[in-house]
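Starting from the structure of chain A, add chains B, C and D where the hints point.
What follows is each chain in one-letter form.
Protein chains: 4
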Amino acid sequence: MLSVGVVGGTGYTGLELLRLLAVHPGASLDVITSRGNAGTRVDKLFPGLRGFNDLIFTEPKAEVLSDCDVVFFSTPNGVAMSMVPELLKSGTRVIDLAADFRLKDPAVWKQWYGMEHTCPELLGEAVYGLPEVNRAAIKNAQLVACPGCYPTAIQLGFLPLIEQQIVDSSRLIADAKSGVSGAGRQASVANLLCEVSESFKAYGVNGHRHIPEIDQGLNAISSDRVNVTFTPHLTPMIRGIHATLYAELTADVDLQAVYESRYAEEAFVDVLPEGSHPDTRSVKGANVCRIAVHQAKGARHIVILSVIDNLVKGAAGQAIQNMNLMFDQPEQDGLVSVPFIP
Amino acid sequence: MLSVGVVGGTGYTGLELLRLLAVHPGASLDVITSRGNAGTRVDKLFPGLRGFNDLIFTEPKAEVLSDCDVVFFSTPNGVAMSMVPELLKSGTRVIDLAADFRLKDPAVWKQWYGMEHTCPELLGEAVYGLPEVNRAAIKNAQLVACPGCYPTAIQLGFLPLIEQQIVDSSRLIADAKSGVSGAGRQASVANLLCEVSESFKAYGVNGHRHIPEIDQGLNAISSDRVNVTFTPHLTPMIRGIHATLYAELTADVDLQAVYESRYAEEAFVDVLPEGSHPDTRSVKGANVCRIAVHQAKGARHIVILSVIDNLVKGAAGQAIQNMNLMFDQPEQDGLVSVPFIP
Amino acid sequence: MLSVGVVGGTGYTGLELLRLLAVHPGASLDVITSRGNAGTRVDKLFPGLRGFNDLIFTEPKAEVLSDCDVVFFSTPNGVAMSMVPELLKSGTRVIDLAADFRLKDPAVWKQWYGMEHTCPELLGEAVYGLPEVNRAAIKNAQLVACPGCYPTAIQLGFLPLIEQQIVDSSRLIADAKSGVSGAGRQASVANLLCEVSESFKAYGVNGHRHIPEIDQGLNAISSDRVNVTFTPHLTPMIRGIHATLYAELTADVDLQAVYESRYAEEAFVDVLPEGSHPDTRSVKGANVCRIAVHQAKGARHIVILSVIDNLVKGAAGQAIQNMNLMFDQPEQDGLVSVPFIP
Amino acid sequence: MLSVGVVGGTGYTGLELLRLLAVHPGASLDVITSRGNAGTRVDKLFPGLRGFNDLIFTEPKAEVLSDCDVVFFSTPNGVAMSMVPELLKSGTRVIDLAADFRLKDPAVWKQWYGMEHTCPELLGEAVYGLPEVNRAAIKNAQLVACPGCYPTAIQLGFLPLIEQQIVDSSRLIADAKSGVSGAGRQASVANLLCEVSESFKAYGVNGHRHIPEIDQGLNAISSDRVNVTFTPHLTPMIRGIHATLYAELTADVDLQAVYESRYAEEAFVDVLPEGSHPDTRSVKGANVCRIAVHQAKGARHIVILSVIDNLVKGAAGQAIQNMNLMFDQPEQDGLVSVPFIP
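If you read the protein sequences in the order shown, they are chains A, B, C and D.
Take the first sequence: its position 5, counted from the start at 1, is 5 in the numbering used here, and no numbers get skipped.
Take the second sequence: its position 199, counted from the start at 1, is 199 in the numbering used here, and no numbers get skipped.
Take the third sequence: its position 248, counted from the start at 1, is 248 in the numbering used here, and no numbers get skipped.
Take the fourth sequence: its position 259, counted from the start at 1, is 259 in the numbering used here, and no numbers get skipped.
It cannot be assumed that every hint is accurate.
The list cannot tell twin chains apart, which means a pair is met if one copy fits it or any two copies do.
Taking lysine-lysine and the DSSO-like style, the derived pairs with C-alpha atoms no more than 27 Å apart in a straight line are [what the hints assert, rightly or not]: (1) K89 to K297; (2) K139 to K89; (3) K297 to K44; (4) K61 to K297; (5) K110 to K89; (6) K44 to K110; (7) K61 to K44; (8) K297 to K139; (9) K61 to K89; (10) K139 to K44; (11) K297 to K104; (12) K44 to K89; (13) K110 to K297; (14) K44 to K104; (15) K89 to K104.
Read the hints as simulated data drawn from the structure, not as lab findings.
Isolated chain A (complex conformation) (with noise of 0.2 Å):
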């Protein structure tokens, strides 16, 4: 039995963790700490853990962390990289939600998160946690950056076309929505209920931190150069992320064939049949990523959609995959669970 930490339990990402190890057959979480909640017991807050939840939240220490086999960071960015350093050398294992290890160039990282990254030594050992891309490496790593929300969506949609070079890799397009859950739970009045249902905007057109991370992606595994336009919105509901994603074909094959034959191994990606247009319910609670494809004849463009619950396969769905993979459980451990319909 793995004895996990979570650093971090009270935000969506954090709370999605408890909600997921309480079930999970492998893993015995043994401490959560929270600097606003220290000395709370966890299902007082969150009165829906009752029973499954005995803890009290902690403040954070390295010392006791460093008893966990693993430690989830479920953080603002810029938190994770000031404890990890001290983890890793005691042997404990990290798993970094947030975005404080998902770049490789520091320089990138800054601009984009306006600030200086405390361990740039340690962004070339952090291994990119997206399990259909890097499984080999995850499995031996000691430090793994879970994919943002955004990216895992649209980079699973995207990845059958580059790996195959059969589409106009400079004219990608990302048009992707996403629930508000994926803003966090910090009191703000930008995220009231009155503000943001019965409304629908984009937001970030001008550059959002998730282009560097989809980029650094494609472009791993692209010879083309890849410049994806990616144009976020904010949709009235709480859960979940629906990429709907354009490119043009430069090559004339079966897409259907494509993305089966790419997925057919995985667990977690679902090809629907063609022609499917899958709603983000069909994901809600699961750790799934269900692909749809769309070639029109004739058309210039083809269209992918892609959807993800931003809280399973978007953050703590996935970072349990990945520490499933860490530490040689099964892949499916603790992940088994049926989309929540309705």
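Frame of chain A, contents of chains B, C and D only:
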């Protein structure tokens, strides 16, 4: 491994049965029927079930269903009574999630449901499936009538007061609010998103079918005549029932202790600390009723708050709890899930 | 043309004032203040007002506001009382949408609002701005205290019963449900979309600030002592209050006639046909309270349903109705709008 | 005062017509028809209209409607064409909110709408009611075909680019998101709250009826062949369309200036400051299209954001704008309303 059949698998309670049975360790779902969708793969209609269910909807046939150990009916009122007698004769046990066997008096049934009961002889034999009241009888039952969603939340909320005879039982009020899934999955204008979202209303103030059920249930355990004024409301969300219960205390008791003691041994009823306000999301997707007790000093009325997920403890979850009891399986099998937050 | 000032124009009631005043035929909005946004164009913060409002938020200053004929305060509790004495001295009339002048007894005010009242001498002079009760006094008032949202819906619902002395006034129950805009536009975790959508809860069961206001209002018109058990709830939508009121009748009357006759001359109270169930969307955006009366044969309780838009008849609309009365304008000026459906 | 008739007053566009006409200073609504509700008072079906509308739904009859100056059809596709010829003959002018007269080519119409056009001779005479393009023709039109909701948002967004010939018109992408009211007010499972809330999906990726309309409209003003890839999506809210438009610039221009100059004289198109992200609530209930232009340095694609209320500028509001033009009334009559926030 129990062999299970589900008659009527395309409504919301049927769909929730499919979700819960998919991960039940002791049950194998072998037959799903749907007149309207016979011949269609279940996971074509509900893509969220891909990988969990490869069955095909079939026409309901007693000779096929009678091979099952237990058959659930999640059908419109009046359907179950046409097939149940034959199934019982063949030795198959039945759990009805509709109203066909909830009321003991066929005249009352006819009055509220507008049709003649076709097997009134079974009404006496049918056990009302509220485990917190009828656990022993359920274990031996051939035919279980699952309680309605409102009656579950309301009876569990009033139970300790009635049993202890500490309130004026002629002056009870149940002001209850339900999510829209309680209205079912039929084509209708009334339950379109554009009709019910961003709005709140009462309905059936002049009489709702759950009134005779609540009356029957509470009077069965009361020495005094119980009279409940019941007002159902529709609230713009998918799942959840919140019952706000009012009563006038007639004795000087420690209410919190009364409730905690009554439900101390119940796995699926959770009495919250004094002064709590359970929100319905604290039970979303989980087979639990959470109750909070409010007794203001010098106040005329005590206020009891009782919340359930109408599709789980109010329908499919409670049905499986009954199945577990009927077949001597651990009562919590297949029902250990963390509420879904956010 | 009246010259109007609004102090606190960035909350939901302030914003609704801006929306309504923009099309009022007899009022010119000349000053809008906001400490936090002084210097910012109003239509930069609220692009929906582009073309309707080219003002700039300014710091609140009595010498500027006193040039207005009337000043609305849509500020947090405790702000208005610090500026109102000076404004009144200068001859400017004041309509306060907050609670500062609603209660007559400064000791009760302190008990519920946690601060000392700084101008208790004005409490006697302030007129409670419920036109259906105090129309004559409002016309001559220098200072009007607009009723709270819950108290508006609840008092209008109970009024005919109390005035006619036909119920047991010691046994009243008001089970009320509010949309989230009632909680205001402050940064908070509690009112994030991800916290309150898809969930329903009661709050303040042990005591809510609107209780003394309801008590004061109903007792003022009653010969017997009035006692109301009040339970507020939060329902996942933006606007709307639905009050479900319970009482025990003590006389044999035609309830429908009692209500229709009481409100026959009221432009903003609409008594629906017997047996109706008003939904809150039937008043969305409109300055109206719709009421339905339910009296089941032989039942213990009558049930009154009363709905308003909390931001209109429960706040900004009623404030403008008061302004119209104070300045001898037609009471409906600026308030003729069709509810917003769907 | 114009005498107005509405055929099909029970759908969402019909209902919005009733809301807007109720306060139009120059129009008197004299006839409302509904086959399904003939004989019912309008305000019985829609209590929100109590006090604004005391009409009774009648069967649609040409001899009655022909007494009106203008008749709006807010009916399912295919209904208007059966009555319009007779009305036109009698001198009544017609504004059709459905698709019957939008396409010029009856063969294309048949292909997309699945029925033979019964009065193709009127297709040439019908004026496409997009005032920002066809104002002069609308003024003299006997028959106006109101644009679809998506085509309104998309054409207004692309218009300046096409007119100025500054983009590769063969590579346009319109990724559009609509609230659920766009799907109409028919009984259906697909649009139940429990099916579409808390979920997001694309639909009709392989072909949507608005494609030929967009193609026809944009090609009519373009010298080069215009090709638009159009993907509609359903977003869980009632009203609003957000079109995210992608194009590749072929000239070095100041985009913001191009848009501001194009729409400088248009009362109902609002070009926001550079870098803006209009949310759909900024147009809720208002007859306006807000547009923002994004041109990142060195980027392949420019991004245009265009939002409307699908029921107002996308349907009923635009219909009234057309009526005002046809009858030489001020274009803004009855259309001056502040968007509804929150």
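*Which earlier hints can't be squared with this structure?*
1, 4, 6, 8, 10, 12, 14
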